[in-house]
Each structure stands twice: as structure tokens, then as C-alpha cells.
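There are 4 protein chains.
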Amino acid sequence: MMSWTEKNHELVKEFVFDDFIQAWAFMSKVAIVAEKMNHHPNWTNVYHKVSIRLSTHDAGNTVTDLDRELAKKIDQLL
Amino acid sequence: MMSWTEKNHELVKEFVFDDFIQAWAFMSKVAIVAEKMNHHPNWTNVYHKVSIRLSTHDAGNTVTDLDRELAKKIDQLL
Amino acid sequence: MMSWTEKNHELVKEFVFDDFIQAWAFMSKVAIVAEKMNHHPNWTNVYHKVSIRLSTHDAGNTVTDLDRELAKKIDQLL
Amino acid sequence: MMSWTEKNHELVKEFVFDDFIQAWAFMSKVAIVAEKMNHHPNWTNVYHKVSIRLSTHDAGNTVTDLDRELAKKIDQLL
Numbered sequence: 543m544m545s546w547t548e549k550n551h552e553l554v555k556e557f558v559f560d561d562f563i564q565a566w567a568f569m570s571k572v573a574i575v576a577e578k579m580n581h582h583p584n585w586t587n588v589y590h591k592v593s594i595r596l597s598t599h600d601a602g603n604t605v606t607d608l609d610r611e612l613a614k615k616i617d618q619l620l
Numbered sequence: 543m544m545s546w547t548e549k550n551h552e553l554v555k556e557f558v559f560d561d562f563i564q565a566w567a568f569m570s571k572v573a574i575v576a577e578k579m580n581h582h583p584n585w586t587n588v589y590h591k592v593s594i595r596l597s598t599h600d601a602g603n604t605v606t607d608l609d610r611e612l613a614k615k616i617d618q619l620l
Numbered sequence: 543m544m545s546w547t548e549k550n551h552e553l554v555k556e557f558v559f560d561d562f563i564q565a566w567a568f569m570s571k572v573a574i575v576a577e578k579m580n581h582h583p584n585w586t587n588v589y590h591k592v593s594i595r596l597s598t599h600d601a602g603n604t605v606t607d608l609d610r611e612l613a614k615k616i617d618q619l620l
Numbered sequence: 543m544m545s546w547t548e549k550n551h552e553l554v555k556e557f558v559f560d561d562f563i564q565a566w567a568f569m570s571k572v573a574i575v576a577e578k579m580n581h582h583p584n585w586t587n588v589y590h591k592v593s594i595r596l597s598t599h600d601a602g603n604t605v606t607d608l609d610r611e612l613a614k615k616i617d618q619l620l
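Order-wise, the sequence lines are chains G, X, W and U.
Adding 542 to a residue's 1-based position in the first sequence gives its number in this note's numbering.
Adding 542 to a residue's 1-based position in the second sequence gives its number in this note's numbering.
Adding 542 to a residue's 1-based position in the third sequence gives its number in this note's numbering.
Adding 542 to a residue's 1-based position in the fourth sequence gives its number in this note's numbering.
Same shape as in the complex, but just chain G:
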């Protein structure tokens, strides 16, 4: 599995699925995990692609352990 890259003080990863419905099912899992952690992604969806960018607002928009934990949990959802 491709790993996350750190770019402009964000953890970034793009996920590609077969179609919109599969992408949406993935997002439905991420939504629950993010809300449970009370740490939410900056994410963009176009059809079968989901781009996720993680950073911690309360730490001046830098990458923190909270972002690394969410990134790990998102990978485990696949």
C-alpha cells in the first residue's frame, strides 16, 4: 500500500476506487473514525477519487501525532 506523504505541513494521500459508490463507502467509514477521534480531515472527492489532507489546526496547522494516528486508522479501513 502506498504511504502518506508529508507536503506543506500536511499528511497527504489519494485513494482511488472502482466507482463513486465504493469511494463513498470508504468515506462513510472515515467520517465515523474522524468524528470518534474528534479530528477531521480536509478531504476532496471527485467520482472515484478521495484525496485526504491531514494537519492539526490547534498546533498551527502542522502535522502532529494526531494526524499520524488518523492516517493509520484510515489505512486500516481499506
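A hint or two may mislead.
Identical chains share a label here; the pair holds if one copy fits it or two copies do between them.
[Unchecked claim] Calculated cross-link-like contacts (lysine-lysine; reagent style DSS-like; alpha-carbon spacing at most 30 Å):
(1) 571 with 549
(2) 615 with 578
(3) 615 with 549
(4) 549 with 614
What the hints contain is simulated information worked out from the structure, not anything from laboratory work.
Just so we're clear, the structure is a prediction, and the values are computed from it rather than from any experiment.
Given chain G, work out where chains X, W and U should sit, using these hints.
Then chains X, W and U, alone, in the frame of chain G:
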């Protein structure tokens, strides 16, 4: 994969997942497919289980081709 | 707003919406709240109706404060 | 209600909700409507904000009636 069973004029199948989040992701896909077909399930969820019952209201609550088509599409989502 | 009723050791309430999409949006909120509490409903959806039954498995399937708390949070989602 | 603006060959609108759960419920409705139309948004969510950009890929990424129809349906979901 287990098949659907016809019982009391309904197509019935139970799906079991690892946890609630996985069950919910499955339901998120079924919801879209059902609304697209304008044919909706009678479904029950408890934690990691999803029980789906299909019948056609407009045909006197019997099993019709519409139910068989939705059942097939649901299986393809797995 | 109608209140929850206690029946057969469960808190029970039925919610009726305009259509399936509105019912589904409500369920999407309840799903997140339930997973956050790690307390999940026994719920059934048919088109625009959502029936929710709450009880606590670990307390011998009786109604506990956990169920009352989830019921209250569900009402606040409306 | 604020209207959509046309910018760089896209219909653009930002929606702001009380919190992530409310934003997510809105997205859950838009997802179904978009898939039903087989016309999908380019959309970004951060916590309580949802930014939607609509254009028609098959028309060289310009704004078409399909985008205006989806925009209208999205507004009706609120």
C-alpha cells in the same frame, strides 16, 4: 456466498461484518443502490449484523423481479 | 416531539420522514453518534420510516442510563 | 439562501453547518442525489464546511444544464 431465501413472500438474507463501521459502510452502498432503483429494503441493523428483507409493495407484498434484481445488486456490493 | 416508550425492556421510538433520502440522512447522524458512544441501536428502516429500539446487552438486555443518553442524543439530531 | 456563483467554468457554493455531523448528513443526501443523476460533484469538506464545485467533464469541463439541475436539487436538500 450464501444465497437469499424466500420466506413469507420476502427475499431474506443476513449479512455479518467485523464491526459496526463495516456494517455501516455496506449499508451506505445499499442505500444508494436502492434509491437509484427506487426500490427500498426493509432492513434491520444491530451492531455488525444487517438483515435485509425484500418484497414489492405495489405487487401486494410479494417477491417480484424487482426484488431479485436488488438482491443481485446487493450481493455485488460485497 | 413524541417521547420514547419503554416496551419489553427496550426504549422504542419511530421516526417518520418525507422520503428515503431524509430518513437516510437521519440514520447517518445516528450511526456516528452511536459509534462514538460505542452503544448501538437495534433499528429498522423501511423507506421513510426508522424504528429504533434501545437496550443494553451487557445489562441483560434491559434499559439503562446508556440507552436514555443515546435516546436523548438521537432526539437532539432532529 | 445564497446562490451558486459561476467561476472558472464551474458552479461553486459553500455550505456551512453547525458541526461535522450535520455537514456529513448533508453530504449523505448529496451523494445519493448525485449518483442517481450519474453526475458527481467535485467537493471538499473540512469539519462543518462543504464546498461544492460543479462542471460537466463530458462537455469539456464547462457548466451545463446538468450542473444547474444538480445545483437546484442540492439546494432543495437543505
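Going through the hints against the structure:
Proximity of residue 571 to residue 549 under the C-alpha cut-off of 30 Å is restricted to the intra-copy arrangement: shortest distance 24 Å within a copy versus 32 Å between copies. Proximity of residue 615 to residue 578 under the C-alpha cut-off of 30 Å is found in both arrangements, the shortest distances being 11 Å within a copy and 15 Å between copies. Proximity of residue 615 and residue 549 under a CA criterion of 30 Å is satisfied intra-copy only: 20 Å inside one chain copy versus 36 Å between copies. Taking CA atoms no more than 30 Å apart as the test, residue 549 paired with residue 614 passes inside one copy only; the shortest distance there is 17 Å, against 36 Å between copies.
The structure agrees with every numbered hint stated previously.
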